[in-house]
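Residue numbers (the numbering used here), protein chains in the order written: chain A, 1 to 264; chain B, 265 to 552; chain C, 553 to 860.
Hints may contain errors.
Looking from chain A toward chain C, a few residues come up when the C-beta cut is under 8 Å (computed) [to be verified]: (1) Leu68; (2) Glu71; (3) Thr75; (4) Phe99; (5) Ser105; (6) His107.
No lab work stands behind these hints: they were computed from the structure.
Ideal Cβ placement from N, Cα and C applies to all residues, glycine included.
Residues per chain, in single letters:
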Amino acid sequence: MSASDPAMAGNRPAALTVSHLSIVFGRGASALKAVDDVSFTLGHGEAFGLIGESGCGKSTVLRALAGLNSEYGGTIAFHDREVPHKRDKAFFRRVQMVFQDPYASLHPRKMVQNVLAEPLKIHGFDRPQERIDEILTAVGLGPSFRYRFPHELSGGQRQRVAIARALIIEPELLLLDEPTSALDVSVQAEILNLLKQLRRDRDLTYLMVSHDLAVVTHLCERVAMMSEGRILEEMSAADVRAGRAQEPYTREFLEASVGYRPIA
Amino acid sequence: MDKPLLEVEDLSVTFKGAHRTVQAVRGISFSVGREKVGIVGESGSGKSLTGRTILKLTPKAATISARKLSFDGIDLLGASERQMRTIRGNRISMILQDPKFSLNPLMRVGEQITEAYRLHHKVGGKEAEARALAMLEAVKIRDPARVFKLYPHEVSGGMGQRIMIAMMLIPEPDLIIADEPTSALDVTIRQQVLSILDELVTRRGAGLIFISHDLNLVADFCDRVLVMYAGRIMEDIPARELRNARHPYTRALLDSLPRLDRQTDMLQVPSRDPAWLDGPTLQSGSRA
Amino acid sequence: MAPQPIDQAGGQGLRAWLAAPVPSSPFQARMQQLSLKWWRLRANPAAMFGLAIIVLIALVALFAPLVATHDIYAQDLTNRLQRPSGAHWFGTDELGRDIFSRLVFGARITLYIALLTAVIAAPLGLIIGTTSGYLGGWADIVLMRIVDIFLAFPSLVLALAFVAALGPGIDHAIIAIALAAWPPIARLARAETLSIRKSDYIAAVRLQGASPLRIILGHVVPMCIPSVVVRITLNMASIILTAAGLGFLGLGAQPPSPEWGAMLASGREFILTNGWIAGIPGLAILITSLAFNLFGDGLRDILDPRHG
Chain A
1 MSASDPAMAG
11 NRPAALTVSH
21 LSIVFGRGAS
31 ALKAVDDVSF
41 TLGHGEAFGL
51 IGESGCGKST
61 VLRALAGLNS
71 EYGGTIAFHD
81 REVPHKRDKA
91 FFRRVQMVFQ
101 DPYASLHPRK
111 MVQNVLAEPL
121 KIHGFDRPQE
131 RIDEILTAVG
141 LGPSFRYRFP
151 HELSGGQRQR
161 VAIARALIIE
171 PELLLLDEPT
181 SALDVSVQAE
191 ILNLLKQLRR
201 DRDLTYLMVS
211 HDLAVVTHLC
221 ERVAMMSEGR
231 ILEEMSAADV
241 RAGRAQEPYT
251 REFLEASVGY
261 RPIA
Chain B
265 MDKPLLEVED
275 LSVTFKGAHR
285 TVQAVRGISF
295 SVGREKVGIV
305 GESGSGKSLT
315 GRTILKLTPK
325 AATISARKLS
335 FDGIDLLGAS
345 ERQMRTIRGN
355 RISMILQDPK
365 FSLNPLMRVG
375 EQITEAYRLH
385 HKVGGKEAEA
395 RALAMLEAVK
405 IRDPARVFKL
415 YPHEVSGGMG
425 QRIMIAMMLI
435 PEPDLIIADE
445 PTSALDVTIR
455 QQVLSILDEL
465 VTRRGAGLIF
475 ISHDLNLVAD
485 FCDRVLVMYA
495 GRIMEDIPAR
505 ELRNARHPYT
515 RALLDSLPRL
525 DRQTDMLQVP
535 SRDPAWLDGP
545 TLQSGSRA
Chain C
553 MAPQPIDQAG
563 GQGLRAWLAA
573 PVPSSPFQAR
583 MQQLSLKWWR
593 LRANPAAMFG
603 LAIIVLIALV
613 ALFAPLVATH
623 DIYAQDLTNR
633 LQRPSGAHWF
643 GTDELGRDIF
653 SRLVFGARIT
663 LYIALLTAVI
673 AAPLGLIIGT
683 TSGYLGGWAD
693 IVLMRIVDIF
703 LAFPSLVLAL
713 AFVAALGPGI
723 DHAIIAIALA
733 AWPPIARLAR
743 AETLSIRKSD
753 YIAAVRLQGA
763 SPLRIILGHV
773 VPMCIPSVVV
783 RITLNMASII
793 LTAAGLGFLG
803 LGAQPPSPEW
813 GAMLASGREF
823 ILTNGWIAGI
833 PGLAILITSL
843 AFNLFGDGLR
853 DILDPRHG
């Protein structure tokens, strides 16, 4: 493990601590260990990335953290307090998630306004109308988008609405599941900029999952390489850029991510 | 370079809708020789449609018009559906993004490859089978005899795509159109699949049109790159010079990518100039 | 903050209001969506034909006292079994009653049965199907076995059994038909729910801390409504036929009520000599069922996301 960057987890109070997380799908002979003894700590205000190829278990970790899958072993602690396997409302109020596919994550028959009003209603926030206008402006859409339906929006606009939905109840930890992989590069740039800006403005903590090394290192200070359900190694973004990887698999992944090199 | 394989001049594809008519490809011209030509662009730029138009696999609502659309001296525009069938697969083949949708789920992998070969070559079953096995070996499948008997759902994504390549290359086509052939694959597998494609195309001296959204990949993999935006070719540039492209759109796309080699704070978000919609194609770099 | 009225199109009237690129109120946004659907429905002549017939029948039923030319209960045995003529447009039946007028009042009964059945069966099936599909586990097993039991009987036999137990009559017939009509809708809603509950937008509301009740009613049900509406519209035909069947068997509407099935039954004796007595209510049943089917098909094209 590398600990080159001083501004990393150690110096900040831990927001999220994952210890010995294991997730098994299926039973008996067909049981599949999707996540195998995964541990990491996420400092408050930090951006941390989980990276790996499809099926490495990174999204499974994220879904378990979010509370979408309560069948896991090990412990997940939020601000040093273990969270129950079945999450409560107080947890959701502070931890929100942005999904990969903005075409699937918005209810097709709900107007933007209703999408944003729902979490406010659930958590009993005051001044819903002001908050909706405020968040729509913050994600770069503006109040005129209130009465639009998802099918009237482009992919980038939808992802902005999804980000607005996650942020409207002012959470502190945002789980990002490949938030730009379904988008074009120019739209990806917009969304990455937005995420960076919002993190600064709102003092957010990010946990991002992606297969795209360039995207993760752009947004996160620290990344963990996952393969076959395990974390192989943790690196700082600077390590990744310099190609300082310990494990052979990580090195191969780094090289393949740079571009195509003909195998002689 | 001698006479180009494929010549396209002033190609347009128009969709007639109930309410409005959309021109998805607007008067583009390019040629492809026995080389690897990349077409890059964002979604809606018309890059995939261009690939399909060459094989005349466009939806019913589309009308194709061009001053010239010829492949190896054959006028594709005037070709009948019957003529096109002899060209498709045999002389021009297409590799799609996801092998899951392109392979017949009810047929063994080997049978599909054998059939692809026998469709265009009058040979006996034994010989075709031997050919198919050799082809599976050529795409670096370790145990061809075993894979030959598998059904498509029994193979992984990377292997599926290699099988697709085998199937598409076995009739020995002169031109291969690959539409995002590696987008559904993991980066490490992508590397293998690309090198196989690279090797086979180069060895046979075939032409390749490689459609992708990934500028970095195209820059490394292809010989020449066409950058498309809004149905037009913005820039025609040798791949090794792509990172020094001159067209503002190409530049903007490159700048919008997060980079691994250096840290950037905020990414450039491309602004688009309406003048590009009707501007000429910028011919960049040295021509061969 | 009140939404400021913006008139982007600059034009006046309904058309501009519906075409405004930026809707300024939720109502306007919904109306814009609705008008788009209406435009698409209008492009489908078969569906428009079906809708026209349904509207026509509904109007006739609504204004039956004005449309009818004779007293529907007045017997006139001197004028029995008359052929269609200027005095009796559709002729008279075996008791000398005017068939046209009876048909007009019969439309009331038919629509009453069809609508009331839909109003009972659709919400029942929808709630049971979505709950079963969303909750899964034991709730799913128990609810679906109940559905299976209902589905194991042919709907007419089930309806017959209920009417036999409760006694004949229109209201009992409606309850009986509704009891036979909800299980297929529950099945449909459950199947839809199974795919909906796996979607990201449901995961997203779960992560907002929404309760299962809120998710089912606020997020799953709205997604199921279009297909249920389509299904119930297509089912209207079979509901009407079942009602007519019960009437025909003497278990639905009772004479002298002018229910179409009962009219058809009473005309049965004269089918060879005076065919129109049975033929005209039969034709009415046929056309109404056909209209609902055509309209349902058109609705499916515009409401079901998989068809558009």
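Hints, one by one, checked against the model:
The beta carbon of Leu68/A is positioned within 8 Å of a beta carbon in chain C (closest approach about 6 Å), and the interface hint is therefore held. Against a cut-off of 8 Å between C-beta atoms, the interface hint on Glu71/A is violated, since the closest Cβ of chain C lies about 14 Å away. A cut of 8 Å between beta carbons decides the hint on Thr75/A: the least distance to chain C is about 20 Å, and the hint is violated. Using the Cβ-Cβ criterion of 8 Å, the hint placing Phe99/A at the interface with chain C is satisfied: the shortest such distance is roughly 4 Å.
Proximity of Ser105/A to chain C holds as hinted, the smallest CB-CB distance being about 4 Å (cut-off 8 Å). Proximity of His107/A to chain C holds as hinted, the smallest CB-CB distance being about 4 Å (cut-off 8 Å).
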